[in-house]
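Colleague: Single-letter residue listing:
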Amino acid sequence: MLHSLHTCRYWILYALFSFTIIFGVHHEWVNAYIQLIMMFIGINIILSSSLNIINGYMGEFSCGHAGFMAVGAYVTSVLNVWLFASDRVFGPAVLSGNWILLLFPLTLLIGGLAAAFAGLLVAIPSFNTRGDYLAIITLAVNYIVKSSIENIQTIGGARGFMGMRKVVNAMGDVWDIPWMMIFVLIFTGFSVWVIWRFVSSTYGKGIIAIREDEIAAEIMSVNTQQMKITAFMLSSGLAGIAGGLFAHVLGYINPGSFTIMKSTEIMVMVYLGGMGSLSGSVISAVFFTILLELLRPLQVIKWVVIPLMLILLMMFRPEGIMGNREIRDFFPGKRK
Amino acid sequence: MDSQILIQNFLNALQWGSFYALIALGYTLVYGVLLLINFAHGDIFMVGAYLGFFFAIVLTGNSLIHLPLWIVFIMTVVLSMIATSFVGVTLERVAYRPLRRKGTNRLYVVITALMCGLILENGNLAVFGASRRSFPELIEKTIYSFGGITISNIKIMVIVTAFVAFIVLEMIIRKTRIGMAMRAISYDRVAVPLMGIPVDRIIVFTFVLGSSMAALAGVLFVTAYPVLEPYMGATIGWKAFIAAVVGGIGEIRGAFVGGFLLGFIEIFVAAFFPSTLRDLIAFSVLLVLLSVKPTGLFGFSRSTKI
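First to last, the protein sequences are chains A and B. FYI, our numbering numbers position 160 of the first sequence as 160, with every residue one higher than the one before it. FYI, our numbering numbers position 164 of the second sequence as 164, with every residue one higher than the one before it.
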């Protein structure tokens, strides 16, 4: 009872926070640019915390996270454009616009599911491949996904895919409130909650056991193969959801958005926040997204300053902002 | 498919694979000694090409010295190799060594390497701008043809250089004292410092070797495809890294074979399928290969003691 009250409190806090934001956005207290950044913060939180499952908690080195994001982005976008928008390739809208608010979360989840299955491409080789060799497999998967999309001409190939703007407009036709912001908030909360429940459960502690010592974990009856499949599918699935949101927030995607550069960006957020710290990932995603925007006037030099900062971080505080602690650890009185 | 096209593609693949092989050698050398994936290596290749460009311009564009072009070319290669070695060693001194001294997690060094690569790329972009530059033609291109098969002197030079570089490296590793020390470090990194081997000096030497191979590849690359741009090292670097892993990272022979293998896959895929499928098929083959043989072609798995 006390426990449920305890978790309830976080939900209520998050709901209040979300309502404030949605209310503020609806009454246009902040301009469209700030709104966009806020949505990117949400998406980056999903991306960095989901990559943290693999790179932080499981201690592997996955550098192809953007590939899974691409799978989710394309699956969700194609489904939505096919269902709710008239498009040159996919013809007129299949369903009436009233269904969209119900089906949009569902298409996001389907996109996530597709990305999770793409995650199997990494999960299965990971049974007997570790470390640098696994890193190369994730890299190859990133290239394979990008290259496959480039070769499917019906979804635009290298030219990219658009039409998501119409889908978002269709949402606004039903009821004119900032829907994309709402969905970003819902799915960010959902992802963080799922990851938190996963890594703090007895079952999820298995991935930490794999990081510390795989053989010992196996002896202690952790089903390492199942654990790896779960971790990779969860991580890539959530990345897929983030991709779906990303596509609809931006309104246009092309394979060039999901390169190794994007994966590197997500990796930077994970290591900035601290490996194996969920609150670290959230904090660094917020911090990093804002920093990227603040440094935008620097243009090219931005990408000299950011790596330099990370190098200095690695030298003087290699464990990142939070190390492997959670934010709760700083408030001992609040501990259960 | 007649044999002419087959042989023609074979030659193209040899040239293309030579670049991968030369870059992959750098990855594998550093990995063998330090167990570090030097992700900045692709950008070291780019730096090599740019430095080559700089020396070529200086040597041809001034009115003080007039040298025959082939001497200019050789000087460009050698100077670029020396200068790039300095860049590589500087990276090691400034970025990697402090971390190694602290004994931090290997992963942090890898991230630092990745970031150093980004700094080199974007620093170049910031300083010299995004405009492409064309490399001056130092060697006059002559094309020989034998019964329908054409081969240029540049292509021959690239292939021969790659093989010579491989043999020289192999000799250094197998026959010299310093090469023996390098092998010893990769065999047992605890005992080697106890035997009085100056580990830091060996590491610097490794970076000199790796970076000069990258510079060699860089200058040859822009001689064959005379366009320079800041991001030229990114894709080719990642691919060469993959070649090194496929061959079994840490093994000189592995890097060489892996580089040519990747070259062959890419060229022959482009010959038989639409060329947009090149990356897709090349990486799928590598994925399958690594799933079947996780340690690469020449790699061996180290047994873990429980």
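Note that these hints are calculated values from the structure, not bench results. Just to be clear, a hint being listed does not mean it is correct.
[Claimed, not checked] Derived lysine to aspartate or glutamate pairs resembling EDC-like cross-links, with alpha carbons at most 20 Å apart:
| hint | chain 1 | residue 1 | chain 2 | residue 2 |
| --- | --- | --- | --- | --- |
| 1 | A | K302 | A | E319 |
| 2 | A | K166 | A | E265 |
| 3 | B | K175 | B | D188 |
| 4 | B | K293 | A | D132 |
| 5 | B | K102 | A | E319 |
| 6 | A | K302 | A | E326 |
| 7 | A | K302 | B | E229 |
| 8 | B | K155 | B | E137 |
| 9 | A | K166 | A | E150 |
Keep in mind the model is a prediction, meaning the values are calculated, not measured.
Colleague: Look at each hint and say if it fits the structure.
Modeller: Structure-based check of each hint:
In summary, the hint linking A:K302 to A:E319 is not supported, as the alpha carbons are separated by about 23 Å, beyond the 20 Å threshold. For the suggested pair A:K166 and A:E265, the alpha carbons sit about 29 Å apart, so the restraint of at most 20 Å is broken. Between the alpha carbons of B:K175 and B:D188 the distance comes to roughly 19 Å, so the proposed pair stays at or under 20 Å and holds. Distance hint between B:K293 and A:D132 is fulfilled; the C-alpha atoms sit about 14 Å from each other, no more than 20 Å.
Taken as a hint, the B:K102 and A:E319 pair is honoured in the structure, with Cα atoms around 13 Å apart against an allowance of 20 Å. A C-alpha spacing of about 30 Å is found between A:K302 and A:E326, which places the hinted pair above 20 Å, so the restraint is violated. The straight-line distance between the Cα atoms of A:K302 and B:E229 is roughly 19 Å, inside the 20 Å bound, and the hint therefore holds. Annotation: proposed proximity of B:K155 to B:E137 holds, straight-line Cα distance about 14 Å (limit 20 Å).
Taking the CA atoms of A:K166 and A:E150, the gap is about 23 Å. The hint is violated against a cut of 20 Å.
When held up to the earlier numbered hints, the structure conflicts with 1, 2, 6, 9 and fits the remainder.
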